[in-house]
Amino acid sequence: MLGAYYYLPRFTLAMNLIYYNSPNDILPYFVKGDNAIVQTYANMKKSERYEAVAEILWYPFKSKILSFTLTGMLYKYNVVGYDYSWTQNSARLFFRTNLDWKKFGVELFYQTTSKMISGQLLRRMPSAAYGELHYRPLKGMTAGIGWRYPFFYAYEEGTETHPSALVQNVTTTQIRDYANMVYIRFIYNFSFGRNVQLPQKKTDNKDTDSGILLE
Numbered sequence: 024m025l026g027a028y029y030y031l032p033r034f035t036l037a038m039n040l041i042y043y044n045s046p047n048d049i050l051p052y053f054v055k056g057d058n059a060i061v062q063t064y065a066n067m068k069k070s071e072r073y074e075a076v077a078e079i080l081w082y083p084f085k086s087k088i089l090s091f092t093l094t095g096m097l098y099k100y101n102v103v104g105y106d107y108s109w110t111q112n113s114a115r116l117f118f119r120t121n122l123d124w125k126k127f128g129v130e131l132f133y134q135t136t137s138k139m140i141s142g143q144l145l146r147r148m149p150s151a152a153y154g155e156l157h158y159r160p161l162k163g164m165t166a167g168i169g170w171r172y173p174f175f176y177a178y179e180e181g182t183e184t185h186p187s188a189l190v191q192n193v194t195t196t197q198i199r200d201y202a203n204m205v206y207i208r209f210i211y212n213f214s215f216g217r218n219v220q221l222p223q224k225k226t227d228n229k230d231t232d233s234g235i236l237l238e
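Numbering of the sequence shown is given in this note's numbering, commencing with residue 24 and proceeding in unit increments.
Hints listed in this document are in silico derivations from the structure and should not be mistaken for laboratory results. Just so it is clear, the structure is predicted and the values come from calculations on it, not from any experiment. There may be inaccurate statements among the hints.
No farther apart than 30 Å at their CA atoms in a straight line, the calculated lysine-lysine pairs in the DSS-like style are these [said to hold, decoys possible]:
# : residue 1 : residue 2
1 : LYS99     : LYS69
2 : LYS55     : LYS138
3 : LYS68     : LYS55
4 : LYS85     : LYS55
5 : LYS138    : LYS69
6 : LYS162    : LYS125
7 : LYS126    : LYS162
8 : LYS87     : LYS55
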């Protein structure tokens with residue numbers, strides 16, 4: 024992994040380049056049998072993943088009551104078998120904004136969909152979004168109302184086969200109850216009982232000219 028970090032009082036940029044290599048990885052693979060195409064598992068000569076991640080954090084105001092965060096991810100997969108190989112490219116974006124003013128707060132979040140590969144199977148990661156308004160009347164107490172998956176038809180995810188596979192199949196799961204959901208959140212953190220003082224080691228480092236360091 025190789026990383027870089029750039030910081031200003033109201034602007035932060037972080038970048039990471041990551042490389043994974045798993046030789047002899049066992050991954051899902053489709054083969055042709057006598058009368059059917061079956062899914063099995065096979066050892067790969069090489070399974071590589073290249074990943075680039077960049078995150079930008081920006082505070083428009085000096086008071087830092089408002090922040091914008093943008094995170095981008097790029098993936099490249101390279102799988103090599105003994106008589107086959109395939110690649111897959113994928114990208115994903117995350118956007119978050121936070122507003123904290125006195126005892127009030129607003130949070131907005133959105134993420135795009137993407138595809139993660141495992142052998143010749145692709146998992147479609149869902150896109151998601153929510154908005155929340157919360158209020159902190161007391162220390163440790165938060166009350167809020169939010170809107171999850173606004174303007175979405177349904178929460179959707181699924182799997183599909185890679186174009187290199189012998190068979191093409193797409194499976195989609197939709198959960199409509201998750202879309203356009205309005206929720207109320209209440210959190211109260213408190214402590215009870217008496218505090219217990221844990222024993223601590225006391226060290227007195229001194230030299231008595233004996234050549235031995237005493238504790």
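Checked hints:
Distance check on the hinted pair: LYS99 and LYS69 sit about 14 Å apart at the alpha-carbon level, within 30 Å; holds. Between LYS55 and LYS138, the direct Cα distance comes to roughly 25 Å. Compliance with the 30 Å bound is thereby established for this hinted pair. For the given pair, LYS68 sits about 20 Å from LYS55 by alpha-carbon distance, which is consistent with the 30 Å threshold. This hinted pair does not check out: LYS85 and LYS55 have alpha carbons roughly 63 Å apart, beyond 30 Å.
Annotation: proposed proximity of LYS138 to LYS69 holds, straight-line Cα distance about 20 Å (limit 30 Å). Taken as a hint, the LYS162 and LYS125 pair is honoured in the structure, with Cα atoms around 13 Å apart against an allowance of 30 Å. Under the criterion of a C-alpha separation no larger than 30 Å, the hint pairing LYS126 with LYS162 is consistent with the structure, at around 10 Å. The suggested pairing of LYS87 with LYS55 is violated, with an alpha-carbon distance near 60 Å, which exceeds 30 Å.
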